[in-house]
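A.B. asks: Chain residues, written in single-letter form:
Number of protein chains: 2
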Amino acid sequence: MPAMLREPFIYIMSSSGKRLRPLLTLLACEAVGGKAEDALHAGTAIEILHNFTLVHDDIMDKSPIRRGNPTVHIKWDEPTAILAGDVMMGYAYRTLSMNTPAALLPAALREFNRGFIEVCEGQALDLEYRYRNDINTGDYLRMIGMKTACLLEIAVSTGAILGTADGQALTSLTTFAHALGTAFQLQDDLLDVTATEEELGKSIGQDIVEGKKTYMIIRCYELTRSLHATDPKRMLIDRFYAQHGLPALDIPDVVAMMNELGVTKETEGLITENFSTARSALRVLPQSDARTLLDAVITLLDKRKR
Amino acid sequence: MPAMLREPFIYIMSSSGKRLRPLLTLLACEAVGGKAEDALHAGTAIEILHNFTLVHDDIMDKSPIRRGNPTVHIKWDEPTAILAGDVMMGYAYRTLSMNTPAALLPAALREFNRGFIEVCEGQALDLEYRYRNDINTGDYLRMIGMKTACLLEIAVSTGAILGTADGQALTSLTTFAHALGTAFQLQDDLLDVTATEEELGKSIGQDIVEGKKTYMIIRCYELTRSLHATDPKRMLIDRFYAQHGLPALDIPDVVAMMNELGVTKETEGLITENFSTARSALRVLPQSDARTLLDAVITLLDKRKR
Chain A
1 MPAMLREPFI
11 YIMSSSGKRL
21 RPLLTLLACE
31 AVGGKAEDAL
41 HAGTAIEILH
51 NFTLVHDDIM
61 DKSPIRRGNP
71 TVHIKWDEPT
81 AILAGDVMMG
91 YAYRTLSMNT
101 PAALLPAALR
111 EFNRGFIEVC
121 EGQALDLEYR
131 YRNDINTGDY
141 LRMIGMKTAC
151 LLEIAVSTGA
161 ILGTADGQAL
171 TSLTTFAHAL
181 GTAFQLQDDL
191 LDVTATEEEL
201 GKSIGQDIVE
211 GKKTYMIIRC
221 YELTRSLHAT
231 DPKRMLIDRF
241 YAQHGLPALD
251 IPDVVAMMNE
261 LGVTKETEGL
271 ITENFSTARS
281 ALRVLPQSDA
291 RTLLDAVITL
301 LDKRKR
Chain B
1 MPAMLREPFI
11 YIMSSSGKRL
21 RPLLTLLACE
31 AVGGKAEDAL
41 HAGTAIEILH
51 NFTLVHDDIM
61 DKSPIRRGNP
71 TVHIKWDEPT
81 AILAGDVMMG
91 YAYRTLSMNT
101 PAALLPAALR
111 EFNRGFIEVC
121 EGQALDLEYR
131 YRNDINTGDY
141 LRMIGMKTAC
151 LLEIAVSTGA
161 ILGTADGQAL
171 TSLTTFAHAL
181 GTAFQLQDDL
191 LDVTATEEEL
201 GKSIGQDIVE
211 GKKTYMIIRC
221 YELTRSLHAT
231 DPKRMLIDRF
241 YAQHGLPALD
251 IPDVVAMMNE
261 LGVTKETEGL
271 ITENFSTARS
281 ALRVLPQSDA
291 RTLLDAVITL
301 LDKRKR
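Just so you know, the sequences run in chain order A and B. For the first sequence, the numbering used here assigns the number 1 to the initial residue and increments by one for each residue that follows. For the second sequence, the numbering used here assigns the number 1 to the initial residue and increments by one for each residue that follows.
One chain only, chain A, in its complex shape (with noise of 0.2 angstroms):
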């Protein structure tokens, strides 16, 4: 691979993420019964196909910053940053063909394209709700879940598939990954506006100075609808909506707006319902190591305070 490829791959896949995807991907398959191995260059390709919706978002979003450093279009340049979210998604591909045993190999290629294309549907959805205000949450949470939990459903469901999981328990992972993911990116939302500035890493309130529209911006703009056009907190949400975001000066009002309408409670209730639905999907599943490791994952993503 040209240098010119190679150094932005390395650079990207070398930032601390997680590594939740790739981890849910070999517990997935040990769930049902498999070898972690057997999943393992599964794993890796969905770990690089979320790295390459990092790249490539990073552009389309002007991110200068991801994981506290430079993002590749800064590092680099818009052109290299393409190409090697490009080239990425190639050997994505190379990685999960190669190592999948042929007999196993259309489920695995059928949920991973799928995966692809949803993320970038979903991202899709995401630039569009942007200069739209129609948006209501349903609209909200299907787009996360293709944006966000989809690419959770993939890392189980292809574990699952090299596991050779049956039809229940496919299920019951999907629905497990679905419900945490959407737990994951709703936590997101209430984080920005709940936690404190030591807890969170950056300052509180930058989804609304971003302009944001979060699952809980949202749900103010509707709980709000049928309030008087002259009544204080319609005026500040209109006013979000109008600006596309508001001054740093405005967020205790939009915190106590939040409140005040139930949306904090009604947020964090929703957060709490879908990692109950996560938990009981895994119940399903015969007992193991894994799926108590995967138990384990709810209760780490529940606590998490960035």
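Check each hint, because a few of them may be wrong.
Identical copies go unnamed one by one, so any copy, or any two together, can satisfy a pair.
Unchecked claim - When the alpha-carbon atoms are kept at most 35 angstroms apart in a straight line, the in silico DSBU-like pairs for lysine-lysine are as follows:
| no. | residue 1 | residue 2 |
| --- | --- | --- |
| 1 | Lys75 | Lys212 |
| 2 | Lys75 | Lys233 |
| 3 | Lys265 | Lys35 |
| 4 | Lys75 | Lys62 |
| 5 | Lys35 | Lys233 |
| 6 | Lys62 | Lys212 |
| 7 | Lys303 | Lys18 |
| 8 | Lys305 | Lys212 |
| 9 | Lys35 | Lys202 |
| 10 | Lys305 | Lys18 |
| 11 | Lys233 | Lys18 |
The hints are simulated quantities; they were obtained by calculation from the structure and are not laboratory data.
Starting from the structure of chain A, add chain B where the hints point.
C.D. replies: For chain B alone, kept in the frame of chain A given last:
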């Protein structure tokens, strides 16, 4: 698929390309005794891969026009073009995976992955070479082998695999396609300076104005190294390298230099040689209508003026 991605996808796929690659896929399948219908999906996947490269390359090259129409990133915007290209690859892989018989899938994917990776790596070399002055014609031929010829190679190899070709037929077809692709690209370089504006449909010498280091330019550079630094030919090509191109008024001098150094003749010879290699490679295959048509493709490309 969200409209934001569906529209550019349809837009680029409907623009008036030659459909050379899927044609080669279908003919290769038939030439080894298969049915063209069995390779239709692979031809589609390869045509999508080809169009994906156009969308992403046009962003990197900042090209405003493609096939007489605005490029995707101009008609929409860069994020849309990046994401549309990405999702196209997802659909290319889905098309290939879902319609290839399981027994042939690993081999078909091996070729398709190779095409995806090489075309990206070839583009990386192309970008890199623009800023380097030490590229020789060997480097250039390797680069176009990856960027241009490889897609023709995988067009025929996947077609042949779906027609359950034997190893010898596969090798012959790959040799044919590699030579055809090389001749095709060299001809592109040549026509820019030898065709008439009427034949070309655009003004002559655009590559010279744009500073494109074509085979002919690199060969002029190589052949003038032994000349005195004040030799007019050497000074002209050195100025091309220093200024990354030359103004339109220098075009006649560059063309004259190419003729005087014998580069025009040499390039014509190399093209003829490659078309001839392509033709000989076909003779290894048993006589068939498909083989006759593959031979006719060589004749058509050999005669093209734009």
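A.B. asks: If the cutoff is 35 angstroms on CA atoms, where do lysine 35 and lysine 202 land: within, between, both or neither? Let me know, please.
C.D. replies: neither (40 angstroms within a copy, 61 angstroms between copies)
A.B. asks: Go through the copies and call it for lysine 303 and lysine 18: within, between, both or neither, with a Cα cutoff of 35 angstroms.
C.D. replies: Cα proximity of lysine 303 and lysine 18: one copy only (15 angstroms, versus 57 angstroms across).
A.B. asks: Have a look at lysine 265 and lysine 35 and pick one of within, between, both or neither, based on CA distance no larger than 35 angstroms.
C.D. replies: neither (41 angstroms within a copy, 62 angstroms between copies)
A.B. asks: Since the copies are identical, ignore which copy is meant and state whether lysine 35 and lysine 233 lie within 35 angstroms (CA to CA) inside a copy, between copies, both or neither.
C.D. replies: neither (55 angstroms within a copy, 67 angstroms between copies)
A.B. asks: First find the shortest C-alpha distance between lysine 305 and lysine 18 inside one copy, then the shortest across copies, and answer within, between, both or neither for a cut-off of 35 angstroms.
C.D. replies: Within one copy only: 14 angstroms inside, 55 angstroms across.
A.B. asks: Measure nothing new, just compare the shortest in-copy and cross-copy C-alpha distances for lysine 75 and lysine 62 to 35 angstroms and report within, between, both or neither.
C.D. replies: Cα proximity of lysine 75 and lysine 62: in one copy and across copies (13 angstroms, 20 angstroms).
A.B. asks: Within a copy, between copies, both or neither: where do lysine 305 and lysine 212 come within 35 angstroms Cα-Cα?
C.D. replies: within (19 angstroms within a copy, 53 angstroms between copies)
A.B. asks: How do lysine 75 and lysine 212 come out at 35 angstroms by Cα distance, when the copy is not named: within, between, both, or neither?
C.D. replies: both (25 angstroms within a copy, 26 angstroms between copies)
A.B. asks: Since the copies are identical, ignore which copy is meant and state whether lysine 62 and lysine 212 lie within 35 angstroms (CA to CA) inside a copy, between copies, both or neither.
C.D. replies: Classified as both; 14 angstroms inside a copy, 30 angstroms across copies.
A.B. asks: When no copy is named, should lysine 75 and lysine 233 be tagged within, between, both, or neither for a Cα gap of at most 35 angstroms?
C.D. replies: neither (42 angstroms within a copy, 39 angstroms between copies)
A.B. asks: For lysine 233 and lysine 18, with the copy left unspecified, which applies at a CA distance of at most 35 angstroms: within, between, both, or neither?
C.D. replies: Neither way: lysine 233 and lysine 18 sit 38 angstroms apart in one copy and 59 angstroms across, limit 35 angstroms.
Hint compliance for this structure: hints 2, 3, 5, 9, 11 are not met, and every other hint is.
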